Amino acid sequence: GQQVQQSPSSLVLQEGENAELQCNFSSTATQLQWFYQSPGGSLVSLLSNPSGTKHTGRLTSTTVTKERRSSLHISSSQTTDSGTYLCAPNVGDNSKLIWGLGTSLVVNP
Amino acid sequence: EAAVTQSPRNKVTVTGGNVTLSCRQTNSHNYMYWYRQDTGHGLRLIHYSYGAGNLQIGDVPDGYKATRTTQEDFFLLLELASPSQTSLYFCASSDSLNTLYFGAGTRLSVL
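Keeping their order, the protein sequence lines are chains A and B. Per the numbering used here, the first sequence starts with residue 893, numbered consecutively. Per the numbering used here, the second sequence starts with residue 93, numbered consecutively.
Next up, chain A with everything else stripped away, as it sits in the complex:
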């Protein structure tokens, strides 16, 4: 089945630094979403990027479908960016998402 590996598992930055998060998955995916989980536990969708490059605010995601990898770039990090970033591709044409364990990001002031 689909396996999802996220790296690094944790990352500590100073405010203003950039972050690069990686997601590798083992099987073909037609969907890929990035989510943010706050320290309090709430989950929100950041963006959906099955292929190519997509921007929203300070976030840029690049997905290379045939290489089964995606990245999330956070520019000019802020303390409020602290939390866990989760990558979730689907499996083939199935709408079900498979979840990675996430990258825990801490941004210090």
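Hints may be right or wrong, so weigh each one.
Said to hold, decoys possible - Covered by chain B, according to a simulated footprint, are these stretches of chain A (three or more residues, beta-carbon under 8 Å):
#, region
1, 934 to 944
2, 987 to 1001
Unchecked claim - Okay, derived cross-link-like pairs now, DSBU-like style, lysine-lysine, Cα gap no bigger than 30 Å in a straight line:
#, chain 1, residue 1, chain 2, residue 2
3, A, Lys988, B, Lys157
4, A, Lys958, A, Lys988
5, B, Lys103, A, Lys988
6, A, Lys946, A, Lys988
7, B, Lys103, B, Lys157
8, A, Lys946, A, Lys958
No wet-lab data here; the hints were simulated from the structure. What you are looking at is a predicted structure, and each value in this text was computed from that prediction instead of being measured. For every residue, glycine included, the Cβ atom is placed at its ideal position computed from N, Cα and C.
Add chain B to chain A, keeping to what the hints say.
Just chain B now, with coordinates in the frame of chain A:
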């Protein structure tokens, strides 16, 4: 803004107890999901539904039942709760682009 409301937010029960977790979405989404989240595991899909009266089995369904009574309401039932079901449970709905909208989560402890 899409809204998914879960209740209760916290629940403590004993082994063998009966628990119902509730989820209501006001998004008019067809798909609804129940996930559990545990340390060392990614989110795992328990059950999902694509409309009232429909139920699909997820990846970790053992020990759980679910029922979708209306377009808005999706329930997760634990009829004989066990300590292994202690977890953080999330409900979600998804739109036509498959973007997921999550509830705030229910923290369940089975003693």
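Do the hints match the structure? See the list:
1. Coverage of the region 934 to 944 of chain A by chain B holds [criterion: at least 3 residues with CB-CB distance below 8 Å; count 5].
2. Counting residues of the region 987 to 1001 of chain A whose C-beta lies closer than 8 Å to any C-beta of chain B gives 8; at least three are required, and the coverage claim holds.
3. The straight-line distance between the Cα atoms of A/Lys988 and B/Lys157 is roughly 19 Å, inside the 30 Å bound, and the hint therefore holds.
4. Pair hint A/Lys958 plus A/Lys988 holds up; C-alpha atoms about 19 Å apart against a cutoff of 30 Å.
5. For the suggested pair B/Lys103 and A/Lys988, the alpha carbons sit about 28 Å apart, so the restraint of at most 30 Å is met.
6. With a C-alpha separation of about 22 Å, the suggested pair A/Lys946 and A/Lys988 falls inside the 30 Å cut-off, and the hint holds.
7. For the proposed pair B/Lys103 and B/Lys157, the alpha carbon gap of about 17 Å is at most 30 Å, so the pair holds.
8. With a C-alpha separation of about 17 Å, the suggested pairing of A/Lys946 with A/Lys958 holds against the 30 Å cut-off.
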